[in-house]
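Engineer: From just these sequences and the hints, can you work out the full model?
In the numbering used here, the protein residues as written are 1 to 278.
Treat the hints as calculated values from the structure; they're not laboratory data.
On a predicted model such as this, the values are computed, not experimentally measured, just so you know.
Check the hints yourself; a few may be wrong.
Below 20 Å or equal to it, Euclidean Cα-Cα: the simulated SDA-like pairs (lysine to any residue) are [to be verified]:
no. : residue 1 : residue 2
1   : K260      : K3
2   : K167      : S90
3   : K3        : K167
4   : K167      : P99
5   : K167      : G58
6   : K82       : F117
7   : K260      : R37
8   : K82       : T253
9   : K3        : T253
10  : K260      : W193
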Amino acid sequence: MDKVRDSAAEAVADIPDGASLAVGGFGLSGVPEILIRALHEQGASGLRVVSNNCGVDGRGLGILLAAGRIARVTGSYVGENKEFARQYLSGELEVELTPQGTLAERLRAGGAGIPAFYTPAGVGTQVATGGLPWRYAPGGTSRAEAGETGETGEAGEGTVAVASPAKEVRDFGGRPHVLEHGITTDYALVRAWRGDRHGNLVFRRAAANFNPLAAMAGRVTVAEVEELVEPGELRPDEVHLPGIYVRRIVALTADEAADKQIERLLTSASPTRGIAHP
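Structural biologist: Right, here's the structure in full:
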């Protein structure tokens with residue numbers, strides 16, 4: 001029952017090349033930074049990542065991205081990561097952009113054993129009809145794949161090499177809904193505020209957005225916790241994610257837990273002035 005590992009390196013040592021990963025975090029909030037750095041040092045490549053966004057340059061998943069370790073991203077937001085945008089537009093990276101709420105539900109559904117569900121989000125757009133660019137051609141002869149049509153596209157920069165397929169749409173109560181598939185991954189990396197040795201986790205504030213969902217979707221979930229407590233110290237009613245979903249725990253040092261950045265800092269002047277300053 002004791003799921004604590006001695007180090008982050010030990011916890012991610014068996015993640016192989018080509019593995020799929022669900023990674024928690026929202027912007028720079030609740031990102032499993034220590035596990036990501038350990039995975040970077042471990043050297044796994046060709047990773048297929050599912051995460052709301054892909055970090056920023058030099059932080060979070062941006063570290064793996066800059067090292068060329070990520071082959072595919074399923075997410076909802078490019079954000080402030082210039083390298084993410086560059087790799088996507090240059091054809092080096094495959095990206096499946098998904099509405100944010102749909103991405104959250106796909107992770108939750110996968111973790112709950114639900115293979116697919118219908119949602120009105122995306123109806124009437126390329127999310128449903130297909131044709132969203134998943135991968136651009138880096139140049140030369142390319143293949144435009146809208147689903148399984150196998151159409152040949154023109155060569156050159158900006159050509160879509162792989163596009164999203166059309167999805168099934170059905171009416172429920174007179175309203176069209178698009179079919180979305182649940183997501184499961186080989187591994188999940190998450191960060192929690194508190195956790196016990198049995199893997200029960202508590203998340204704090206914005207870190208509670210995608211971390212519990214990512215943890216549910218992973219077949220092997222690894223959690224870094226800012227505060228490790230003994231079994232019984234967490235009240236049952238305060239546990240956000242039960243330990244049945246978590247395979248490994250890594251306790252952070254005080255310095256590691258305190259190392260948090262703000263993606264974009266904004267401050268405001270006195271309300272009497274009515275002036276906002278970046």
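Engineer: Compare the structure with each hint and give your call.
Structural biologist: Hints, verified against the model:
1. K260 with K3: violated (25 Å)
2. K167 with S90: Given that 20 Å is the threshold and the Cα spacing comes to 26 Å, the pair is violated.
3. K3 with K167: Violated, at about 40 Å.
4. K167 with P99: Satisfied, since the Cα-Cα distance of roughly 14 Å is no more than 20 Å.
5. K167 with G58: violated (36 Å)
6. K82 with F117: Distance ~33 Å between K82 and F117 Cα, so the pair is violated.
7. K260 with R37: holds (14 Å)
8. K82 with T253: Since the Cα atoms of K82 and T253 sit roughly 31 Å apart, the hinted pair is violated (cutoff 20 Å).
9. K3 with T253: Since the Cα atoms of K3 and T253 sit roughly 17 Å apart, the hinted pair holds (cutoff 20 Å).
10. K260 with W193: holds (13 Å)
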